[in-house]
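> Put together the whole structure using the sequences plus the hints.
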Amino acid sequence: MAVALRRFGRLRWSCSGSCLRGISSECGKPINLYTAINQALHSALETDPRAYVFGEDVGFGGVFRCTTGLADHFGKHRGIVGFAVGLAAMGNRAICEIQFADYIFPAFDQIVNEAAKFRYRSGNQFNCGGLTIRAPYGAVGHGGHYHSQSPEAFFCHVPGIKVVIPRSPQQAKGLLLSCIRDANPTVFFEPKWLYRLAVEDVPEKDYMVPLSEAEVIREGNDITLVGWGAQLSIMEQACNEAEKDGISCELIDLKTLIPWDKETVEASVNKTGRLVISHEAPVTGGFGAEISASIVERCFLRLEAPVCRVCGLDTPFPLVFESLYLPTKNKLLDAIKSTVGY
Amino acid sequence: MLHCFEIEALTYRAGHHTTSDESTRYRPIEEMEWWKTSQDPVARFRKWLQREGWWHSEAEREHRVSARQEVLHAIQVAVKLEKPALSEVFIDVYDVQPSNLREEEMLLRETVRRHPKEYPGFPSE
Numbered sequence: 001m002a003v004a005l006r007r008f009g010r011l012r013w014s015c016s017g018s019c020l021r022g023i024s025s026e027c028g029k030p031i032n033l034y035t036a037i038n039q040a041l042h043s044a045l046e047t048d049p050r051a052y053v054f055g056e057d058v059g060f061g062g063v064f065r066c067t068t069g070l071a072d073h074f075g076k077h078r079g080i081v082g083f084a085v086g087l088a089a090m091g092n093r094a095i096c097e098i099q100f101a102d103y104i105f106p107a108f109d110q111i112v113n114e115a116a117k118f119r120y121r122s123g124n125q126f127n128c129g130g131l132t133i134r135a136p137y138g139a140v141g142h143g144g145h146y147h148s149q150s151p152e153a154f155f156c157h158v159p160g161i162k163v164v165i166p167r168s169p170q171q172a173k174g175l176l177l178s179c180i181r182d183a184n185p186t187v188f189f190e191p192k193w194l195y196r197l198a199v200e201d202v203p204e205k206d207y208m209v210p211l212s213e214a215e216v217i218r219e220g221n222d223i224t225l226v227g228w229g230a231q232l233s234i235m236e237q238a239c240n241e242a243e244k245d246g247i248s249c250e251l252i253d254l255k256t257l258i259p260w261d262k263e264t265v266e267a268s269v270n271k272t273g274r275l276v277i278s279h280e281a282p283v284t285g286g287f288g289a290e291i292s293a294s295i296v297e298r299c300f301l302r303l304e305a306p307v308c309r310v311c312g313l314d315t316p317f318p319l320v321f322e323s324l325y326l327p328t329k330n331k332l333l334d335a336i337k338s339t340v341g342y
Numbered sequence: 001m002l003h004c005f006e007i008e009a010l011t012y013r014a015g016h017h018t019t020s021d022e023s024t025r026y027r028p029i030e031e032m033e034w035w036k037t038s039q040d041p042v043a044r045f046r047k048w049l050q051r052e053g054w055w056h057s058e059a060e061r062e063h064r065v066s067a068r069q070e071v072l073h074a075i076q077v078a079v080k081l082e083k084p085a086l087s088e089v090f091i092d093v094y095d096v097q098p099s100n101l102r103e104e105e106m107l108l109r110e111t112v113r114r115h116p117k118e119y120p121g122f123p124s125e
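Order-wise, the sequence lines are chains A and B.
Residue 35 in the numbering used here sits at position 35 of the first sequence; the count goes up by one each step and never skips.
Residue 20 in the numbering used here sits at position 20 of the second sequence; the count goes up by one each step and never skips.
There's no promise every hint is true.
[Stated by the list, open to error] Here are the in silico distance ranges between beta carbons for each label pair:
#, chain 1, residue 1, chain 2, residue 2, range
1, B, 16, A, 204, 29 to 39 Å
2, A, 289, B, 94, 13 to 23 Å
3, B, 113, A, 243, 21 to 31 Å
4, B, 11, A, 144, 18 to 28 Å
FYI, nobody ran anything at the bench for these hints, they're computed from the structure.
Each residue gets a CB set at the ideal place from its N, CA and C atoms; glycine is no exception.
As structure tokens, this is what we get:
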């Protein structure tokens, strides 16, 4: 954690932007990411008697404290994805937690071959839409091979599920509730780096942030940047620096990776003519490749430069080499400048 | 004639799951203490050695002190070591390095060359 603090400092988002976008007239209390997620889970359990939360260690609050108090309040339960699919198939809301996204792979068959195909293979007679799988993902400063991975790309290749990644506490609460209440199985990746570090005013009431709607979180004219999760705050820093060099950056939070909001990204690239995509996951076959291919199809004649991807290296996530591996602010800045100067 | 033996080993995790775990939240502290004091195989082995007269508390104390010093010294040595070379990032992904990794290594060296302060401890080779 000491390393993370040195790198990040304390992140505070101001509430006013989101309030203007109509989330709430009352801005709420400043809380961090795991508390926002905890609130969303409380709301889900409170509003639906057929909602269940389970996963490894969630009974005592979980290793990141996201499920604190839920067992005391609502009663205990345990089991993971296959069990969750079954529960959801019977009309319940199954909210299961995989302790680290790095450990989600044993459940991959259940997610791909059961959950994702449930509605389709039964001709809509059955579905497991009530399924939500939550997992902490991403770099944390010292996670090494098995506590740092960003596996979203594997899941974005699976028709039938939704993949959602929040950037902040306020977004996390609203997006998680949308995932839980969505009529399709969803995988919700939570940026673990931000669990304690990110603090933001979050409305205390029950609210939802819509899925498959990207958000322009910073407007600009010279270049579009697209990202999700913890990477957005790195991209924001790069945008601030680029601004000093007179480059006006537009930054988009994709939020839902599948099905993704192509229209918002397309509209932005039609305005700026340039696109940089950034994610922690390795560049080859990462979700940035899908965004790049789609935008080139849609905006070919408008593009002033090749679409650029600033991503993790094509190696397992390293331990001592983490700072070299990640798509850092200066790698982004170099990419912004070379794309603008193409 | 072939004899087969099967060993079933029962284990108990006496400590916490991780540094962020507080296991007294889900098991009684007495249970943990019992396993640590009366079931720990290392402690039992020590008691047996002591009963045989092959070990005594003075030897225990001396060895604990010297082992601790050895470890602390090893840490001091390790801390001063330089980080591995940047090329180590890109080897052993496969048996033979593919072209995309050769390309990425070149790009990374260029990045480090341009922003040396951002990557302290990594000589560009």
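> Against the range 18 to 28 Å, how does the distance between the Cβ atoms of residue 11/B and residue 144/A compare: consistent or not?
holds (25 Å)
> CB of residue 113/B to CB of residue 243/A, is that within 21 to 31 Å?
holds (25 Å)
> Confirm or reject the claim that residue 289/A and residue 94/B have a C-beta distance inside 13 to 23 Å.
Because 20 Å falls inside the window, the suggested range holds.
> Tell me if the beta carbons of residue 16/B and residue 204/A are separated by a distance inside 29 to 39 Å.
holds (33 Å)
The earlier numbered hints are all upheld by this structure, with none contradicted.
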